[in-house]
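Kindly generate the complete structure, drawing on both the sequences and the hints.
Each chain, letter by letter, is given below.
2 protein chains.
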Amino acid sequence: MNVSVSVPSFLNLRPEAEQAPTSGIVDVANYGRGREGLIPLWVGEGHLPTPSFICDAATRSLAAGETFYTYQRGIPELRQAIARYHEKVYRKPFDPERFFVTSGGMPAIQMAVRMVAGPGDEILIPTPAWPNFGGAITVSGARPVGVPMTIDARGWHLDFERLEQAITPATRAVVINSPANPTGWTASHEDLRTVLDMARRHGLWIIADEIYSRFVYDPALTIDGCTPSFRDVSTPEDRILFVQTFSKNWAMTGWRLGWLEASPALGQIIENLVQYQTSGTPVFVQRAGIAAIEQGEDFLAHQIDNARRGREIVSRLTETGLVELPPPSGAFYAFFKIRGATNSKEIAIRLIDEANVGLAPGSAFSAAGEGYLRLCYARKAEDLEEAVRRIAAALPHLAR
Amino acid sequence: MNVSVSVPSFLNLRPEAEQAPTSGIVDVANYGRGREGLIPLWVGEGHLPTPSFICDAATRSLAAGETFYTYQRGIPELRQAIARYHEKVYRKPFDPERFFVTSGGMPAIQMAVRMVAGPGDEILIPTPAWPNFGGAITVSGARPVGVPMTIDARGWHLDFERLEQAITPATRAVVINSPANPTGWTASHEDLRTVLDMARRHGLWIIADEIYSRFVYDPALTIDGCTPSFRDVSTPEDRILFVQTFSKNWAMTGWRLGWLEASPALGQIIENLVQYQTSGTPVFVQRAGIAAIEQGEDFLAHQIDNARRGREIVSRLTETGLVELPPPSGAFYAFFKIRGATNSKEIAIRLIDEANVGLAPGSAFSAAGEGYLRLCYARKAEDLEEAVRRIAAALPHLAR
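For the protein sequence lines, the chains are A and B, in the order given. Start counting the first sequence at 1; every next residue gets the next number (the UniProt record's numbering). Start counting the second sequence at 1; every next residue gets the next number (the UniProt record's numbering).
If you are wondering where the hints come from, they were derived from the structure by calculation, not from laboratory data. One or more of the hints may lead you astray.
Sample of chain A residues lacking proximity to chain B, with all beta carbon distances greater than 12 angstroms (derived) [said to hold, decoys possible]:
#1 85
#2 93
#3 308
#4 395
Just a few of them, taken from the derived set where beta-carbon distance is under 8 angstroms, the chain B residues facing chain A [unchecked claim]:
#5 18
#6 21
#7 45
#8 65
#9 107
#10 203
#11 277
Even for Gly, the Cβ is constructed at its ideal location relative to N, Cα and C.
Below, the structure written as structure tokens:
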């Protein structure tokens, strides 16, 4: 479903650029864009704008004239604030030199990939997976290798044997996204140790995306309001690159602010990669990030509560008896299968036409997602209730 | 002078990342950073913060809640405003679909390079040149090939014969930066036609950086306040990628806002590359861009006047008889040679220690720049006058 673009051959473009996949989510969203009354649940974004205490920090910075070039690694105050945030959440000391401010989570992923893989290399990704991992790997010239997860009534599981079997001499890294988009799979400490042990034995890097770590619903996977992390089981010598974003916790999707966490030994390389990628992130955006991370815990608690409520509303879809929806342990997506469905794009299109609800087709998340639909439940309760009603009403026509 | 970074080999990083060069400008700036009373003229940045009418547009957008994900190609209003700006400056129609908003000029360059070159490919760059072109090419896995320009009493010239001789079967593109950083060289229409003809014959792309086009001092190279452009001599079918930025015209260096101009046929590819690079540019930053481009002509005129005055102040260095400084036709840098100087980094360091003035060493702009120093004169007149006094006083000790 993620299709590469064809351009006139006289333009003679690089294959890495031509093969950059078009998002299968955007593809369906384009079909439904602008429909009157449509409830859009296809994107991983809440309904609230950024709270004013965060916006105000940016406004004050602009008024103070902070409009010049700045540090490629991020302003020291934000790097320190991020370190303090980690100390609070993970209950141990963190060196601010480990944190590199990026213009969103995506640039952090692009740099992580750039450091560890290129043409001739492979990176493993448990699937279904957020398509942008594969996209970033393709653009770098490396090959994303999807490794299907398994599913049973309790939910999705990482298939460690299958993952290890997928390793070849070309494998350089494995992407571990926990809690996972779109499946909600959340790794236990034992899962993380197993992956880390495998990575150590094979000399692989781990690209760790734990951006949904505060959105966790399974008490067995919750430590002080956070999921198990590679930070709990690894040493500073392990080859792990953590990618992070302000987008989800603090309703800052549009700000393009995130960070990369890595060994300080990589500092100069990351500084140089930032130089040739974005040449830094606006200071006034970074000031907003400091406000978010230092004063945003109440807002974040509200976001988590809202998602928890949304998760319950959406779980009612199972009452129809026509969908499979194992309760997601973390993140804020319901990834469900309609009985007998085989073409998720077709169903997503029909749900736009027949229910006026916008969902992401599972096929956008790799072949392992075919037959599924992804619904973002970090949304207003009324909208979710109405969406569930509409989907439930359409289901008898869609299921087989 | 641009050195690659060495990291512990067990980290097993990709060569494209390890070879990403450290800026030779930053290298010297780090030496002088924080010195009391130092006049910093090493970076290409004016002394004024962004004007308030531009900041206010961002503040209003934030207050209106424009904090969500947005179009990967840029918001339609900004793309239309950019098209109108081009129509005014270049006196012909422009399709808004040609313009793709980027998070600064640098991401535009990175995407342009990504589209046309990768491992095994070469891109030609007339030198001395802004080091970030070479950096972006190296990170993409391609090889930057510097082609030295020639210099005489009238200034720097593109050596067309040498440029054509540097073409190999691996050459994919040529970077043309006019007006040029650091030399001030500005292409005539004849120069541009010669390059275009060469590119057509060899099937090369042109990456055109005309970001300083409004900063022009030679009347023979000025058409309605703008330098000759590839837009004047090319057809829509020519393989040209224009990279642009809001940084210089509107004092917006810290905002990270620019654009890529390309054939609309490349639209979907560029959209996908943006997706995996930055996933778009904040809407509130784009609103500021609209204010700048639509209401910023008076401010820009002031910026140009200030640079013109700075250029005259700095030209007084030639009165010492100890420097060679052909008058720059465009941009806002004095690129001068101190008589007998061979090690520009050493001299830049001594100017920090002995004159408390920060200049960029010519060696940062390739081997062809060795022996030169770059001074940014888009600065406050008093600071430039004082800097010229200090440099002139130090020159007898530095020249040979």
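Right, here's what the structure says about each hint:
Consistency note on residue 85(A): stated as away from chain B, and its beta-carbon is indeed over 12 angstroms from all of that chain's, at 20 angstroms minimum. Taking the minimum C-beta to C-beta distance to chain B, about 22 angstroms, the non-interface status of residue 93(A) holds against the 12 angstroms cut. Taking the minimum C-beta to C-beta distance to chain B, about 22 angstroms, the non-interface status of residue 308(A) holds against the 12 angstroms cut. At roughly 29 angstroms, the least C-beta separation between residue 395(A) and chain B is larger than 12 angstroms, which holds for a residue marked as non-interface.
Using the Cβ-Cβ criterion of 8 angstroms, the hint placing residue 18(B) at the interface with chain A is satisfied: the shortest such distance is roughly 6 angstroms. For residue 21(B), the shortest C-beta to C-beta distance to chain A is roughly 7 angstroms, which falls under 8 angstroms, so the interface hint holds. A least Cβ separation of about 6 angstroms between residue 45(B) and chain A falls short of the 8 angstroms threshold, and the interface hint therefore holds. Interface restraint check for residue 65(B): the shortest CB-CB distance to chain A comes to about 3 angstroms, inside 8 angstroms, so the restraint holds.
Interface hint at residue 107(B): satisfied, since its Cβ lies 6 angstroms from the closest Cβ of chain A, which is below the 8 angstroms cut-off. A distance limit of 8 angstroms between C-beta atoms decides the matter here; for residue 203(B) the minimum to chain A is near 7 angstroms, and the interface restraint holds. The interface hint given for residue 277(B) is met, as the beta carbon of that residue sits about 6 angstroms from the closest beta carbon of chain A, less than 8 angstroms.
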